[in-house]
Amino acid sequence: MSSDNRPLSPHLQVYRPQLTSVLSFLHRMTGVALTPGTLLLLYWLAAAAAGPEAFATAQALIGSIIGRLLLLGWSFALFYHLCNGIRHLFWDAGYGLELPDLYRSGWLMVFAACALTLGSWILGYAMRSGAW
Amino acid sequence: MSRRSPLGRVRGLGSAKEGAGHWWGLRFSALALIPLTLWFAASVAVMSGAGYETVRAWAASPLVAGLLLLLIVAVFYHGARGLQEVIEDYVPRKSVKFTAILAVQAASIVLGLTGVLSVLLLLFRV
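Those sequence lines, one after another, are chains W and C.
For what it's worth, the working numbering labels the leading residue of the first sequence as 1, then goes sequentially.
For what it's worth, the working numbering labels the leading residue of the second sequence as 1, then goes sequentially.
Think of the hints as simulated: they come from the structure by calculation, not from any bench.
Glycine residues also receive a C-beta, built at the ideal position from the N, C-alpha and C atoms.
Accuracy of the hints is not assured; some may be wrong.
[Unchecked claim] Residues on chain C that point at chain W, a partial pick, calculated with CB under 8 angstroms:
#	residue
1	A30
2	A59
3	F76
4	V86
5	S118
[Unchecked claim] Some residues of chain C that are not near chain W, with every Cβ distance over 12 angstroms (derived):
#	residue
6	R4
7	L7
8	G8
9	R9
10	V10
11	R11
12	G12
13	E18
14	P62
15	G66
Model the full structure from these sequences, guided by the hints.
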């Protein structure tokens, strides 16, 4: 087989999805989605460095409905990729590779990612309204 | 420091002979990003709705600036490595693959340096 004609990835059209494969697929999707998300981080920092007017514009853009929706998506992608990344690190060390463990850590990870997303937004809104 | 296993090295395992470095780079940056991301997310949530002066004072602390620099370096290193892995897996044409990886690396350097410059401006400009 020539080096140009090697098999790459499974044929998704004929592949029955399971929790394991869906979570693995989402890990890549969230990872890729997070890379344009870094632009938001950069914009926020650069605006703060540029001065009060630029920063006010940035805060208004991020605080708009579309800005918040994007931020919600990115925050979930971030926590998902973070939690599943920890799972990956355990696998790399050789732990948790049995099928029951994979399902247990998979559901735990989904729960943790949702909880972290929800928790950070509750914290953000609480700070915003001056509850603390 | 090479982190390849002695057996792997002696057998010359790995197709491109540099895969172990890539593998470790992605994992090291992932490990660093666990505390850094949690710290950053918590900081941003706490400063939600805060004005310019609050954010400015926060970023003027050397500790915060240092952590932000670590975060930026780790984020763009990890992002470029991760995207490279995805490109290598899904782009079969060598010319397109090569160009895409090059573009990702160039973009991550430019964007990463933009972030570093912003942090330094926030730290040093009074």
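Against the structure, the hints come out as follows:
1. A30: holds, 5 angstroms
2. A59: holds, 6 angstroms
3. F76: holds, 7 angstroms
4. V86: holds, 6 angstroms
5. S118: Holds, because the Cβ-Cβ distance from C/S118 to chain W comes to roughly 4 angstroms (cut-off 8 angstroms).
6. R4: C/R4 is indeed farther than 12 angstroms from all Cβ atoms of chain W, at 15 angstroms.
7. L7: holds, 16 angstroms
8. G8: holds, 15 angstroms
9. R9: Label holds. Min Cβ-Cβ 19 angstroms, cutoff 12 angstroms.
10. V10: Given that every Cβ of chain W is farther than 12 angstroms from that of C/V10, nearest at about 22 angstroms, it holds.
11. R11: holds, 20 angstroms
12. G12: holds, 17 angstroms
13. E18: holds, 16 angstroms
14. P62: Holds, because the least Cβ-Cβ distance between C/P62 and chain W comes to about 16 angstroms, which exceeds 12 angstroms.
15. G66: holds, 14 angstroms
Checked against the numbered hints given earlier, this structure breaks none of them.
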